[in-house]
Every structure is written in structure tokens, then in C-alpha cells.
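These protein sequence lines map, in sequence, to chains A and B. Residue numbering for the first sequence follows my numbering, beginning at 1 and increasing consecutively. Residue numbering for the second sequence follows my numbering, beginning at 118 and increasing consecutively.
Hints were generated in silico from the structure; no laboratory data involved. Note that the coordinates shown come from a computational prediction; the quantities given were computed from them, not determined experimentally. Misleading hints may appear alongside valid ones.
Short derived list, chain B residues pointing at chain A, Cβ under 8 Å [stated by the list, open to error]: (1) Gln161; (2) Met162; (3) Leu164; (4) Val165; (5) Lys187; (6) Ala188; (7) Lys190; (8) Phe208; (9) Gly227; (10) Thr228.
Per the computed footprint, the stretches of chain A lying under chain B, defined by three or more beta-carbons under 8 Å from a beta-carbon of chain B, are [as the list claims (entries may be wrong)]: (11) 12 to 24; (12) 68 to 79.
Where is the CB? At the ideal position from N, CA and C, for every residue including glycine.
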Amino acid sequence: NAGVTQTPKFQVLKTGQSMTLQCAQDMNHEYMSWYRQDPGMGLRLIHYSVGAGITDQGEVPNGYNVSRSTTEDFPLRLLSAAPSQTSVYFCASSSIRGSFSGANVLTFGAGSRLTVL
Amino acid sequence: AQTVTQSQPEMSVQEAETVTLSCTYDTSENNYYLFWYKQPPSRQMILVIRQEAYKQQNATENRFSVNFQKAAKSFSLKISDSQLGDTAMYFCAFSGRNLNTGTASKLTFGTGTRLQVTL
């Protein structure tokens, strides 16, 4: 199994450009999420989804859009990149079915480092 | 809203020694999960250990164990017989319990503790 696959691993953008970070998982997980990691701030939740067609905002959603048209894919879109969006982005997924003890364990992608100039 | 606090930005331990990383959290919920994740220089986030709040027994995974003090809202990680491969950033995280809405999987992370294992 590939787990959670993120692309690209590295990207440099100019202010105002748009781009999409791709995330795909092959574990049939209902829950998918995007986090950003900044020095001294840990990981902060941007957006999440509990199934196809359902998305919701996390702690820091401004400047980002998401959609969930399939169970497998959860792309993160930056419509007009800003230097404040320079960060490392992680996609993570988990199952929310089954016993409580089997849920909640997030599987993370390898991360995408984005630099906005 | 839940908060997670890791008050030790950096720690160092010698190989084969024991080190304890601190974590406190704030929540009004009674049932929840707590986690420790490890992030080595490869940047990959790896689950180290997890604790279910309704279980009084502290979780253990080989050389890793936790000291869960529910009343004090404390969740420290003890690493025994430290190895060079334990060098990493360690994040404490909290998740509430709500399987119906999926919010059980919304993790709130602390700011991390960078652990350096030395010879």
C-alpha cells in the first residue's frame, strides 16, 4: 500500500500565483485533512473532510480551498499565494469507522514544502 | 477549544539514558485521546504512542511509555535506553471523541520538543 501520497514535495511560487497540492490515499479512509507546519507553532489544521462531498474549516482556513469529490483525493488549493503561506504542508487521513480504539490514528503524507516569494 | 502545551522547546540526552518529555493540555471533555508523534529529519510524522483517556493504565510501546495524569491534564513521554535514532522533533497531540461527526480525528498539536540524542 502507498498510504498517503502528496505531490509535489517542493514548490516555489511567486506572490499571487495559484497552485494545488495533491493528496491521495489508498486506505479507504473517510477522514482526510490538511495541516501546515511552521517553526515554533506545531501543526495547525487548515481544512478537513469526513467523506466525499463534505468539507469543513479547521483552525487556519483563510487563503485555502478544498474539495472532496472522491474518497481517495483531497486537494488543497491556493488561489492567490502570499508569503505568509510559506510552510510545510501535510495531508493526513484516518478511518472513523469501527471500534473507538481503531480510529483516530492519522496516517501522514511525507509533506510538501512550499515557498512563496 | 482544546490547547496542548509543550514547555520544553529542546532537550538533550545521552545514548542509553532515559529522558522525559512534558505535555499538558486543557479540555472540558471527559473522553478523548492523547498521542505522541515523532518527526525525524526526514520530516515524516510517525505515531509513537497513544492513550485513551478512559483507560487508567499508562500506555507502553517497547522503550516508550507515558505518564498520564488525567486530573492534572498531564501526558508525559518517557524514552528509556535512548538511541541515536530517537533524535527527532516530538509532538504531543489531543483528539476529542466524536465518531459521528469525525471530529474524533481532529488533532490539536503542541509546538513540539526537539530531542537530540548524543554519544
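Review point. Which of the listed hints are broken here?
Key: 4, 5, 6, 7, 11, 12
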